[in-house]
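Sequence order for the protein chains is Y and L.
Residues 1 to 80 in our numbering are what the first sequence lists, from first letter to last.
Residues 1 to 331 in our numbering are what the second sequence lists, from first letter to last.
Heads up, some of the hints might be wrong.
[What the hints assert, rightly or not] Cut-off 30 Å, straight-line C-alpha distance, at most; resulting in silico cross-link-like pairs (DSBU-like, lysine-lysine):
| no. | chain 1 | residue 1 | chain 2 | residue 2 |
| --- | --- | --- | --- | --- |
| 1 | L | Lys302 | Y | Lys74 |
| 2 | L | Lys283 | L | Lys42 |
| 3 | Y | Lys65 | L | Lys286 |
| 4 | L | Lys286 | L | Lys47 |
| 5 | Y | Lys74 | L | Lys42 |
Treat the hints as calculated values from the structure; they're not laboratory data.
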Amino acid sequence: MRAIFGLILIIFFVWLTMLIGLVVIFVSLPLLILTLSKTIGRFFESITVAGIASVMVIIWLVIWKELAFRYFSKMIAERQ
Amino acid sequence: MLETILPMVITILIGFITTLLLIPSVSKFMFKHGIIGIDVHKLDRPKIPELCGITIVIGVTVSAIIFSLFYPEQNMWILAFVSSTLIAAIVGILDRITKIGPRLKPVLVALGAIPIIFLAVYNPYPEFPFIGATRLTIIYPLLIPIALAVTANSVNMLDVFNGSMTGTCSIAIFAMIICMLMMGRVDAAALAAGLLGSLLAFHIFNKYPAKVFAGDVGSLFIGASIGVLAIYGRIEVAAITAMMPHIMNAFYGLATVGRLYERKEISTRPIRVLEDGRLEVNKDSKAPITLARMILAQRPLKEFEVTRRMFILSAVSAILAVLTQLLIIWW
Chain Y
1 MRAIFGLILI IFFVWLTMLI GLVVIFVSLP LLILTLSKTI GRFFESITVA
51 GIASVMVIIW LVIWKELAFR YFSKMIAERQ
Chain L
1 MLETILPMVI TILIGFITTL LLIPSVSKFM FKHGIIGIDV HKLDRPKIPE
51 LCGITIVIGV TVSAIIFSLF YPEQNMWILA FVSSTLIAAI VGILDRITKI
101 GPRLKPVLVA LGAIPIIFLA VYNPYPEFPF IGATRLTIIY PLLIPIALAV
151 TANSVNMLDV FNGSMTGTCS IAIFAMIICM LMMGRVDAAA LAAGLLGSLL
201 AFHIFNKYPA KVFAGDVGSL FIGASIGVLA IYGRIEVAAI TAMMPHIMNA
251 FYGLATVGRL YERKEISTRP IRVLEDGRLE VNKDSKAPIT LARMILAQRP
301 LKEFEVTRRM FILSAVSAIL AVLTQLLIIW W
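Put together the whole structure using the sequences plus the hints.
Here it is as structure tokens:
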């Protein structure tokens, strides 16, 4: 039962960080748009904003992966 | 009230009955023509008729046609739904015949986005919790092919144990229907109910010990359907949350192997069968880390016990999905 509880915690953590990540991305968007549209135009602004959002998502995925893999390694190590 | 419930009840029944009636004859046909798969998680490795997911494709398509009688104003969406999901189903059949490969398959499934984009039936103003409606007019259409490829392939990758895909997807779709009803999207809920009915009928035959396999045609179709329904129902974030076990499983595998892969091309299998029939995690570091491997990390389990744990994870994700939708409504 411990293994499933750990996975439930991971799911909850992922959900929570997803919501926080979405808020961070969308709160920073108007600020980015305001700054970028003045200097690089609307098309490049869209690409830059999408790029920054993608980087944020990648960071989130890396944290998510590390958490799960460490949990898995710990479970295996405990059995050995 | 009756106007709300009646289309849902009818589509769920049509999906359920059509699939239920088709499975025996389709499975016999597949077995007779040698379209079979080996159930590798059993000691006796039985031969099971494959590609039976075609019954889900027919069941859902028939229920979508019946749905159009209730909502004729949604005919463009029905056309988009049927054509997008059929593209995914065709990719599944082609993969069985010609072996498309792990890199090309998501690209071909992503082509299912074309009807949605060209018919312009999507709404590029998705709603997020704590943020509300957003304007993603440029990015949204670009995200549709990615969404379809991700949902289709993540569902496909969780089709590893008897009933694992059908059960977890049924739970996810049930949560999506609740979210759609909360948003007042009764039409989308009725369309999704057809998929749920069809999946429940298939689950009767696919649950442990499985008598039929859905094959790629079933899993890619279901995944693509979930993606299209999330767009149609405008419950994108809730759908991602409901699909968390599928996405987690796909992402972990992808992160370990470092590229898109087919289960068959992995030399070090993540799971091995013990002499008593229980499943044990493969401790080899080269084996991909999957959701099943994480569930089995603590101790060996029987196949249906692993599937049951997947259902628990799906149920938790379903609750979080409904909670996400509540946050969107409350904000």
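Hints, verified against the model:
A threshold of 30 Å between alpha carbons decides the hint, and for L/Lys302 with Y/Lys74 the separation of about 22 Å falls inside it, so the pair holds. A C-alpha spacing of about 20 Å is found between L/Lys283 and L/Lys42, which places the hinted pair at or below 30 Å, so the restraint holds. Pair hint Y/Lys65 plus L/Lys286 holds up; C-alpha atoms about 16 Å apart against a cutoff of 30 Å. The suggested pairing of L/Lys286 with L/Lys47 holds, with an alpha-carbon distance near 28 Å, which does not exceed 30 Å.
Between Y/Lys74 and L/Lys42 the alpha-carbon distance is near 28 Å, which keeps this suggested pair within the 30 Å criterion.
Every hint, counting from the list given before, is met by this structure.
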